[in-house]
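Protein sequence lines correspond, in order, to chains A and B.
Mapped onto the numbering used here, the consecutive letters of the first sequence carry residue numbers 1 to 163.
Mapped onto the numbering used here, the consecutive letters of the second sequence carry residue numbers 164 to 443.
Derived from the structure by calculation, the hints contain no laboratory data.
Even for Gly, the Cβ is constructed at its ideal location relative to N, Cα and C.
Where hints are given, some of them may not hold.
The calculated lysine-lysine pairs, modelled on DSS-like cross-linking and capped at a C-alpha distance of 30 Å, are [as the list claims (entries may be wrong)]:
1) A:Lys45 <-> A:Lys160
2) A:Lys6 <-> B:Lys367
3) A:Lys45 <-> B:Lys319
Covered stretches of chain A (chain B as the covering partner; in silico rule of three or more C-beta atoms under 8 Å from a C-beta of chain B) [what the hints assert, rightly or not]:
4) 37 to 43
5) 55 to 61
6) 77 to 84
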Amino acid sequence: MQQVNKKVILIGNFGVGKTSLVRRFVHQKFSDEYLTTLGVKIDKKLVELNETSVNMLIWDVAGEVSQTKVPTSYYLGAHGIIYVFDSTRPSTFQNVTDDLEYVQKLLPKAPVCLVGNKKDLVPEEDLNKIGEQLQREVDFFTSALTGENVEKMFHYIALKMIE
Amino acid sequence: MNQEDEIIKQLKSILMEDELKKQEELMRQIELLKTQLNKNQNELRDNLAELTQPVISKTVQNEIRQSQDTLVDALQPLMGKMVRKSIQDEFAKLTERIDGEIDKTFSWNNIKQMFISFWEGVKKGDLVLKNINQMSVEEVYVIEQDSGLIIATYSKGNIIDQDLIASMLTAIKSFIEDAFKQKTGHLDSIEYDNFRIILQNYTKYYVAIVASGTVSATSKDLIIEKVIDFAQRHLSQSERPSEDRLNTYLAKYFENFDSNINIDATSKQKSNFDWKFWRW
Numbered sequence: 001m002q003q004v005n006k007k008v009i010l011i012g013n014f015g016v017g018k019t020s021l022v023r024r025f026v027h028q029k030f031s032d033e034y035l036t037t038l039g040v041k042i043d044k045k046l047v048e049l050n051e052t053s054v055n056m057l058i059w060d061v062a063g064e065v066s067q068t069k070v071p072t073s074y075y076l077g078a079h080g081i082i083y084v085f086d087s088t089r090p091s092t093f094q095n096v097t098d099d100l101e102y103v104q105k106l107l108p109k110a111p112v113c114l115v116g117n118k119k120d121l122v123p124e125e126d127l128n129k130i131g132e133q134l135q136r137e138v139d140f141f142t143s144a145l146t147g148e149n150v151e152k153m154f155h156y157i158a159l160k161m162i163e
Numbered sequence: 164m165n166q167e168d169e170i171i172k173q174l175k176s177i178l179m180e181d182e183l184k185k186q187e188e189l190m191r192q193i194e195l196l197k198t199q200l201n202k203n204q205n206e207l208r209d210n211l212a213e214l215t216q217p218v219i220s221k222t223v224q225n226e227i228r229q230s231q232d233t234l235v236d237a238l239q240p241l242m243g244k245m246v247r248k249s250i251q252d253e254f255a256k257l258t259e260r261i262d263g264e265i266d267k268t269f270s271w272n273n274i275k276q277m278f279i280s281f282w283e284g285v286k287k288g289d290l291v292l293k294n295i296n297q298m299s300v301e302e303v304y305v306i307e308q309d310s311g312l313i314i315a316t317y318s319k320g321n322i323i324d325q326d327l328i329a330s331m332l333t334a335i336k337s338f339i340e341d342a343f344k345q346k347t348g349h350l351d352s353i354e355y356d357n358f359r360i361i362l363q364n365y366t367k368y369y370v371a372i373v374a375s376g377t378v379s380a381t382s383k384d385l386i387i388e389k390v391i392d393f394a395q396r397h398l399s400q401s402e403r404p405s406e407d408r409l410n411t412y413l414a415k416y417f418e419n420f421d422s423n424i425n426i427d428a429t430s431k432q433k434s435n436f437d438w439k440f441w442r443w
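Make the full structure from the sequences, and use the hints.
Take a look at the structure:
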């Protein structure tokens, strides 16, 4: 089986659950204790697809997407982008379009996966409303607590990166 | 018969008068064109360089501008080696001058120090450090500048997750370079406990060498020379070899490096010894 190395960046506002998603995906664990990420945290996981195994180096970048607060170089060279927002806090998905526009300018070839986390805390009909509010389709609504759609979401971005 | 021919000839000239005139005119124009063409050809031959130079230089300039990275990658190892050599030569001269001054010092202590130094063939300070803690190259990583992904590795122990180490090194490097807003500068080394990580930067990639023990300036130079040589031979090509092949090359470069480097470093220092000592 062919193996490829890919860098994925996880971005989004503070407290949306980026680190929890990585923790759930890589270590199959969840903790409700909140520890803010300083700078960047890097993890890796091998995702096996049909004929390729993707060695994903996941860069969990600390809060904010703004160009003044996060070193641009953390984003450079990434093969995939996961933008996470908190489904319970509208303030975390108000700037999705601008933020993604900025990151996509830096990484024009990288596929983007838009993720609404904390699905377990929001009723299904409200999730649909979020989808309607945003100008682009939400690829996954996930829950780091229950693990719902977490694996699916990472497999999706892995697949997109090798397409 | 002759009369008939004459009549036909006259008839012909009367009937074809216009055509004949046209033919003459055409011939005249062809001759003119021939002369013009020859003239132009000669002019072009004489001024070819002058006429084509602006176009060629513009094309070459564009080509260079578009493939700047490739050019820099190809030139950097060569330039690095030249600059390094020149700096080393200057340092050697400086050392000679300092040694000359020291020679002039008449003290028993100095005589004793010099005697030991001579006997071992190395400088006293370096000798003490060297004997305490010998240098060893533990790991070598060739890492992509932006993504932090590994291009090639050499490891003695395989005790750590190389992918994560490479990514974290890249993150640290990015953070420092961003924090100090250095567009051209680079992080050169990181020190931790008994380890020193030496970083050698290129445009698209950088090389990180993890060394344990005492890394003297001479040893560091030898390591960097080795890295430059490796980069020049295997990484400057337009088509980079596969990761497996690069790993093999890297292993060949650094497998017996520790034993050789300590001998090399000693012999380099030995060459700095001033035989004037004996005359004194």
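Evaluated hints:
1. A:Lys45 <-> A:Lys160: Roughly 16 Å between the alpha carbons, so the hint for Lys45 (chain A) and Lys160 (chain A) holds.
2. A:Lys6 <-> B:Lys367: It holds: about 16 Å lies between the C-alpha atoms, which stays within 30 Å.
3. A:Lys45 <-> B:Lys319: holds, 24 Å
4. 37 to 43: holds (count 4)
5. 55 to 61: That given contact holds, which follows from 3 residues of the stretch 55 to 61 of chain A lying within Cβ reach (below 8 Å) of chain B.
6. 77 to 84: holds (count 3)
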